[in-house]
Structure formats: C-alpha cells, structure tokens
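Going down the list, the protein sequences come from chains A and B. One point on numbering: in the numbering used here, the residue at position 141 of the first sequence is 141, and numbering is uninterrupted. One point on numbering: in the numbering used here, the residue at position 338 of the second sequence is 338, and numbering is uninterrupted.
Hints may contain errors.
To be verified - Subject to a maximum C-alpha distance of 20 Å in a straight line, what follows is the list of computed PhoX-like cross-link-like pairs (lysine-lysine): (1) 22(A) x 390(B); (2) 94(B) x 137(B); (3) 80(A) x 46(A); (4) 78(A) x 122(A); (5) 57(A) x 390(B); (6) 399(B) x 115(A); (7) 6(A) x 57(A); (8) 66(B) x 220(B); (9) 89(A) x 115(A).
FYI, nobody ran anything at the bench for these hints, they're computed from the structure.
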Amino acid sequence: MSYSTKVLDHYENPRNVGTFGKDDEGVATGMVGAPACGDVMKLQIKVNKDGVIEDAKFKTYGCGSAIASSSLVTEWVKGKTLDEALSIKNTQIAEELALPPVKIHCSVLAEDAIKAAVADYKAKHGAMVETAACKGSDCSN
Amino acid sequence: MIKQPIYLDYSATTPVDPRVAEKMIPYLTEKFGNPASRSHEFGWEAERAVEEAREQVAALVGADPKEIIWTSGATESNNLAIKGAAHFYKSKGKHLVTVMTEHKAVLDTMRHLESEGYEVTYLMPESNGLVDMEKFKAALRPDTLLASVMLVNNEIGVIQDVAALGEVCRARGVLFHVDAAQATGKVTIDLAKLKVDLMSFSAHKTYGPKGIGALYVQRKPRVRLEAQMHGGGHERGLRSGTLATHQIVGMGEAFRVAREEMAVENERVRTLRDRLYQGLSQIEETHVNGDMEQRVPHNLNISFNFVEGESLIMAIRELAVSSGSACTSASLEPSYVLRALGRSDELAHSSIRFTIGRFTTEEEIDFAIDLLKAKIGRLREMSPLWDMFKEGVDLNTVKWAAH
Numbered sequence: 001m002s003y004s005t006k007v008l009d010h011y012e013n014p015r016n017v018g019t020f021g022k023d024d025e026g027v028a029t030g031m032v033g034a035p036a037c038g039d040v041m042k043l044q045i046k047v048n049k050d051g052v053i054e055d056a057k058f059k060t061y062g063c064g065s066a067i068a069s070s071s072l073v074t075e076w077v078k079g080k081t082l083d084e085a086l087s088i089k090n091t092q093i094a095e096e097l098a099l100p101p102v103k104i105h106c107s108v109l110a111e112d113a114i115k116a117a118v119a120d121y122k123a124k125h126g127a128m129v130e131t132a133a134c135k136g137s138d139c140s141n
Numbered sequence: 001m002i003k004q005p006i007y008l009d010y011s012a013t014t015p016v017d018p019r020v021a022e023k024m025i026p027y028l029t030e031k032f033g034n035p036a037s038r039s040h041e042f043g044w045e046a047e048r049a050v051e052e053a054r055e056q057v058a059a060l061v062g063a064d065p066k067e068i069i070w071t072s073g074a075t076e077s078n079n080l081a082i083k084g085a086a087h088f089y090k091s092k093g094k095h096l097v098t099v100m101t102e103h104k105a106v107l108d109t110m111r112h113l114e115s116e117g118y119e120v121t122y123l124m125p126e127s128n129g130l131v132d133m134e135k136f137k138a139a140l141r142p143d144t145l146l147a148s149v150m151l152v153n154n155e156i157g158v159i160q161d162v163a164a165l166g167e168v169c170r171a172r173g174v175l176f177h178v179d180a181a182q183a184t185g186k187v188t189i190d191l192a193k194l195k196v197d198l199m200s201f202s203a204h205k206t207y208g209p210k211g212i213g214a215l216y217v218q219r220k221p222r223v224r225l226e227a228q229m230h231g232g233g234h235e236r237g238l239r240s241g242t243l244a245t246h247q248i249v250g251m252g253e254a255f256r257v258a259r260e261e262m263a264v265e266n267e268r269v270r271t272l273r274d275r276l277y278q279g280l281s282q283i284e285e286t287h288v289n290g291d292m293e294q295r296v297p298h299n300l301n302i303s304f305n306f307v308e309g310e311s312l313i314m315a316i317r318e319l320a321v322s323s324g325s326a327c328t329s330a331s332l333e334p335s336y337v338l339r340a341l342g343r344s345d346e347l348a349h350s351s352i353r354f355t356i357g358r359f360t361t362e363e364e365i366d367f368a369i370d371l372l373k374a375k376i377g378r379l380r381e382m383s384p385l386w387d388m389f390k391e392g393v394d395l396n397t398v399k400w401a402a403h
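In isolation and in its complexed conformation, chain B is listed as follows:
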C-alpha cells in the first residue's frame, strides 16, 4: 500500500533531507552562539559554520563565497536585488525589464517601483514560455538599469537562456538579475561564466529548510545595492539581522548534497517524469504547457481539456499537486503564467502541475496515472463541454452567457 496523499508538489516546497535536518539540530541546542559574537568560542563556532555553508552554497553555483549574502528566502533576495539596485543606480536610469511569467516576488516588486516613478516593461514570452532574444533586445532602452528574468519557471518549469540574455545585458550596460529559486539542483549554474550580476536562491526548494535563502551579488564587476533592512550592518551592510545559523547550516548542507547528487538524481527524476507524461498523454485532449525540451526534469504541467481544475484537484485528493486554476479566489482568474503563453482560459483552468522529487517512486507515478485516467473520465462524463466537443461543436463559436 502506498502512503497517501502522494506528494507531487516539489516545486511548492521540498521536505528537508534527513541528512540536512541532522546537521541543523546541534545549531539549535549546543552550538547556539551568535555568529556575530566575536569575543568567545560560541560565536566563533557559529561563524565557522556560517562560512562553511557560504562556501557550500557558492560551490553549487560557481560563485565566490564573498558574493553570497544570506536572506530569509528568494522573495527577500528578489526584493533586495531589484529595489536595492534600482535605488542605488537611480541616477543611471529609471527603466526596468522583466517577463510576464516571473514569480510574484519579482512582479510585485516591479509594481512597487512603478509607484515610485520607475518604468517597467513586462515582456510577453513565446507560446512555449521562453523569452525571444530579439524582443528582449528591443525592450532594452538607453535608460534601462536592470533586467530580471527567472532561470526556471515555477509553474511550467521552462529554462530561460540566461547565458545569452546576460551577454546582451552586459553589452548594453544593463544589470541582470536572475531568480534561480527553482533552479538549484535542477540545472547547472556557473556564475563564474554567466554574465549575471545578481541571482536569488532559496533553500526549501532544494531539500533545505524554509525561511532561508541567499542573494549572489557579483564582485567583478562590482554590483552595489541599497540595503532594504537596516540595523547591525550584517552581511557587509547589505542585510542586517542576526544570522539564523541553523537555517544557514541547513541550506549549506542541502546545496552540498545537491551538488554531489544532482546528475544522478535528475536522470532518475526525468525517467519518472517521462513515465508520467507517457501515461497521461494516453488520455484524450491533454496539452503540455511550456516547452518540453528547455525544461527542468521534474516538472510536468498539463491541461486536461474540458475538465475544470479545482474539481479535478478535488477528485485526486490522493495526490498533492497544484492547479493552474486560482478559482478559489473571488476573481476566478486562471494562472497568469498560462495566460501569458496565450493558453485559452479553459485550458488554463484545466491545468495541473506535477513536480516530482527525491522521494518519488515509480509505484507512486503508476498510481497517479491510473487515478487520473479514472477521474478524468468521470469528470468528463459530467462535463457539458466534453459532450459538445464529442458532438463536434467548436466551443469558440458558442455564445456564452457572462456571469
């Protein structure tokens, strides 16, 4: 018997790897010192742990440890990077560029900057979710100070070509920020080569604890930021606040494990994802959202036409997955990411995001396939849209009543 519900929502968060949890615990109890305490062994011990973790995080992404700043998570990193750079370099320009499919932590930060008088261009991606290089170039202006593009999309898992985007930015004197929250342990990141000035990281998407993240701030050429959190001047004045040693140790260990195991793990996960894809594509009228090649191995975002997402989620309570339908909100708006791809509202409403991870098994995938086949059949039996489709009615020609 498989333990239920089956967790297939690894892009929402991951469990802390037991090896990570084990390494964290002593830093809550015996080794509890404040890493900023310079006058005794408790502080020195904590500081050593923090610096070791900084090296582990830097090692996974090809950075110098001095370029890593601890934050509370990728949301804070995105805020610090974008607002910090916009404020510091405001004499240079007032224009920023981002993409409509970015995480809310980027989009909302951009909106906030607009209220301060900055101008923001929100690029529409291609229908496969990827940014077109020519459109990106065309969006850059002489007064553009920063562009922000995520490495891996949280909903559809597509991988943007940040290497090429970075080259364009560097050549045009535009700072380049990359939200890599979903990317660590999934794609190889080498900041020594990438023309990226700022990169945001999160621990809990990579089997580390929640509440800890990091921001890469490039040293050569040096990128400067205006601090958003003021206080004791921790993290070279960029982010004040006592460091959460146990969380930091956890992030370091999680990233160490990711670095050592990602090659093997990604192949295993990809096999499971492809198995899921094969199984689900036997169901009629299924559509994958986002490019299938430029994609992380653990993500499958798929729309089941003529079935409403929330009722599907309800039907598959044995599975913990995410829906592209935000129908729980009063607005009834489907995922803004899928809409930006030009997906019809119906398909956006009918989408499910499966994200597979370290602890997913083949049995769980097979169970999921069988369950979905049965439940989608049942819901389609109940769906007037399915009937109309089967009768050959083009739903786009139907005059629907507003409500």
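Next up, chain A with everything else stripped away, as it sits in the complex:
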C-alpha cells in the first residue's frame, strides 16, 4: 500500500522514541493494543507540577501508520494540560496523517494511548479516574 508523506516522515524519523527512567518524577504510562492484533503502543507522559505535560515518549510495535500515529501524538501532547491532551481525537490524527480507512484503527489506538497514560497519571496521583482505556483481555479479531 502507499503511505502519505507525513506517515513516511514520522516512520523514517520518529519523534520521541524511548522510555523515561523508572524513577522519573511525574511519569505515567499508557499501553494499549495487543500483539495478536498486530499493534501495541506504549505512550509515556511526563507531567510537571502545574499539571502540564512537558515531555512524552513512545514505543510502538505495529505498522507504519501505528508508528506514525504514536510519534505524532507525542508531539501534540507536549505543552498540553491533561484535559487538553484528552481532547485530542482520533479523527484529528487520521486527518493530519491522511490515513486510509483500513488504518483508522491506528489513530484510535493512539487516542486510547493518551487516555490510558492520563488515567495512569491520575491513578498514581490520587485524582479521579474518569477514563478507562480499554476493556476486555482478548483480541476481538
């Protein structure tokens, strides 16, 4: 299949690949997807005292569109508050990367990764957890 130039750019030069140190302050992790489905995204956010995401990192097992979606999301969440980050919708990701219909699930997964990371942060910091990332344990495919 052919990829958009933006997908190719993120795939060739992924932004913010990596993992924060285990003991870093204010770090939360969201891991979504399943190996059996062909994609797993791990998104980490580093939140400062003002509740602003000051850094983000990702690791993704998945197709080029999944890698590009997670790379893009690390750029977008930086500088946002948790609530602002939660307002990022998969449709915006899909539009930005010009994902074809068969790859929309990659953008959904990236949105879920944000929700999961924010939920993890809130759980760790005693805030109300309003967003459950994903339910169920088996691949539905």
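With chain A's structure known, arrange chain B on it following the hints.
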C-alpha cells in the same frame, strides 16, 4: 551498485525468461493463426506450436501429452479439477478432503461446493506444515470422492508427500488432485509413477508468461470432468475457448528450460537460500516457518519476533518480499497458513517470505542480510514488546487490551 529494489518474491511470480519471450513473439505477429483453423497453413502452424508445447509441458511432469489441458492458470485448473470432478462424480459421494494451508483457489472452490451441498473436511497440518498420513487416512470416508493436497506450499515452501497420499487415495477409490503451481522446476514430478488423477500447473511461477496454465487429467485410469467453460468444445470439450498460442508456446518453452536446467539451478538457488538463512539466523529471536528439510530450495519463510510485518516491509523497501501479515486488510488477520501451523499471531504477523530465483545473485543476498540486520535492530529499539522480552516478561501472561 546493485539494482534496487531487489526481487526476492519469485513465488509471487517470476520474470519471463528472455529465451521464452523470444520464442513467444512470432506467435503474436506473423504466426498468429487460430490453432482451431483446420483449413489453412496459419491454423496448422499454430496447432503444431500448441502440440509441441503440450509435449514440453508433459515431458517436465512425466505425463502423456494427451493428458494435458490448457487453461488460463492454476486457479482455473484447480476450479476445473475440483468442481469438474465433484459434479461429474456426484452420484459417487458428496465428501471432499483438503488441507487448511491450501491456496485460496482450492479453499474457495471447496467453500463454493459446500454451498452446493457437498461436505468438505479441512485437515490441519502438523506444526511443520506437513500432512500427517494417519490423520489423512482417518479423514477419508466411504463417500469421499476427491482429495486435494498441494505439492508445494506457496507461503512456506514445504513439500507434501503426494506419492504416499496418492497411494492411500487410489487404494480407497478416492480421486486425488494436486495443485503443483509452485512445484514445477523445483521438485521432480513423475506422473507416470504418481497415483495422482489431476494436477494443476501455472506458467508464470516457472519463468513463463502469466495467464496460461494447464491441468493434467489422467487417462489410465480415465478421469472424467464436467466442463466449467462451455463453447466450441476445445481441449476435448473440457475447456472451450480459442487457445492463446503465444502464451502456450511460452509455457512450453519455460517448462522445457526448467526440465533441462532445474538440477543445476536448484543447487545454485539452494546455496543462496542457505546463505540467506545463515545470515538471518544470526539475528536474535528468528523462527523459520515450515519444515526446513521437506522444502523447496528457493523458499525461506522466517518470523522476526517482536517486529510487526508491515512496518518491516516498509523498512526494507529495497527488497521486494511478501509478508505473512495481511494487515492491509481491515480484519488485521495474519496469514491463515501460519496460523494453521499453530504459530502465535505475533509470530505470524512478523513473518517475511523470501523466495529466490533464476536471476538472484550472491551480492543481492548479502545486501538483504545487512539491510535486515540494521532495520530489525531499529524496529526492535522502537518495540515495547522487545523491551518486555528483554526484561524477561512472558508476553503470554500479559493481559492485553482488546481493540
């Protein structure tokens, strides 16, 4: 500098050998007659060419030329063989047997017959891709009319023991069809000895043109089929339609070359395949799919654990290869062949099929090895699964979120 992309997908299709193309061209321009024209030299000339090609195809597989029927390719041959026999012999029974790892041209034909009221048993192969003889015997019923097992698997290249399977079928009065599309020029086929009633062939997997194939229909004992294509009664009424002389000439020449050169060519190709295998097995967590001994010399199907297939294909655009991950489809389903072997979905998703051929060079193989080593390292650096594996986490115990 090596010309890129490097073609390592010879099981998808092969280039037409220049010798084959050269022989075909006059049959498009000067020698354009219809082989069915009985009243002039144009027709006679075309007919002679068609019959010479029929002899060349028959010679490669140990058949009598009268047993070879031209078709448009192996898909049509499979359809004609399976539906044609099922329909003709329906009074004999309504049960058919095949294997889960067959080509879609067989599986979909079987599905169609199920919709007509036939019953089909889809055997699961062993984890090495081979059919277990006892399980095969047990699947045959008194009302089984036909069994269909491919000689060489298109994805994993394993070679089924069709000689032994054929003996079982013959003893039980079951017709035996073999899809040999991937086998010609790779393994020796002697239909004079094999207990095979019907065998499908394709030209374009063996350096011939696309759009032409053949079906072997055994004469002794005689196998009968109900035609699927009706019309002028060509090919003894089994397959109507004006013969594509140039395509047929191409298939004949391709099979002639295969017969003369396969022994030497297969050794050369095997050396290259083994070189590729040696190189790639230096990468951690690689798994070969399918039996490595009962296998055609040009195929290597290998899974790179913790790397997703489509992203890998994207990373190695300098190589033209196939992925076992059909992730481009909305279903995200990995290869049904690898799943039938009991491979985990992750490994199935991470598989690449390399198929080497007549024009592959050692430099190309070395380039491929180096490229894969680099790109797999990069993708694993990006893979959360690789991290978890390195930390000693058993991925099977992780509760994954569905999506």
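Are the Cα positions of residue 89(A) and residue 115(A) separated by 20 Å at most? holds (10 Å)
Just to be careful, I want the Cα atoms of residue 57(A) and residue 390(B) compared with a cutoff of 20 Å; is the pair within it? This hinted pair holds, its Cα atoms lying about 19 Å apart.
Can you confirm whether the C-alpha distance between residue 66(B) and residue 220(B) stays at or below 20 Å? holds (11 Å)
Are the Cα atoms of residue 78(A) and residue 122(A) separated by 20 Å or less? holds (17 Å)
Against the 20 Å threshold, does the CA-CA distance of residue 6(A) and residue 57(A) hold or violate the hint? OK: residue 6(A) and residue 57(A) at ~19 Å, within 20 Å.
Within 20 Å, alpha carbon to alpha carbon, are residue 22(A) and residue 390(B)? holds (16 Å)
Given the hint that residue 399(B) pairs with residue 115(A), test it: the Cα-Cα distance must not exceed 20 Å. holds (18 Å)
Straight-line alpha-carbon gap residue 94(B) to residue 137(B), limit 20 Å: OK: residue 94(B) and residue 137(B) at ~17 Å, within 20 Å.
For the pair we were handed, residue 80(A) and residue 46(A), check the Cα-Cα distance against 20 Å. This hinted pair holds, its Cα atoms lying about 11 Å apart.
Going through the hint list in order, the structure satisfies each hint without exception.
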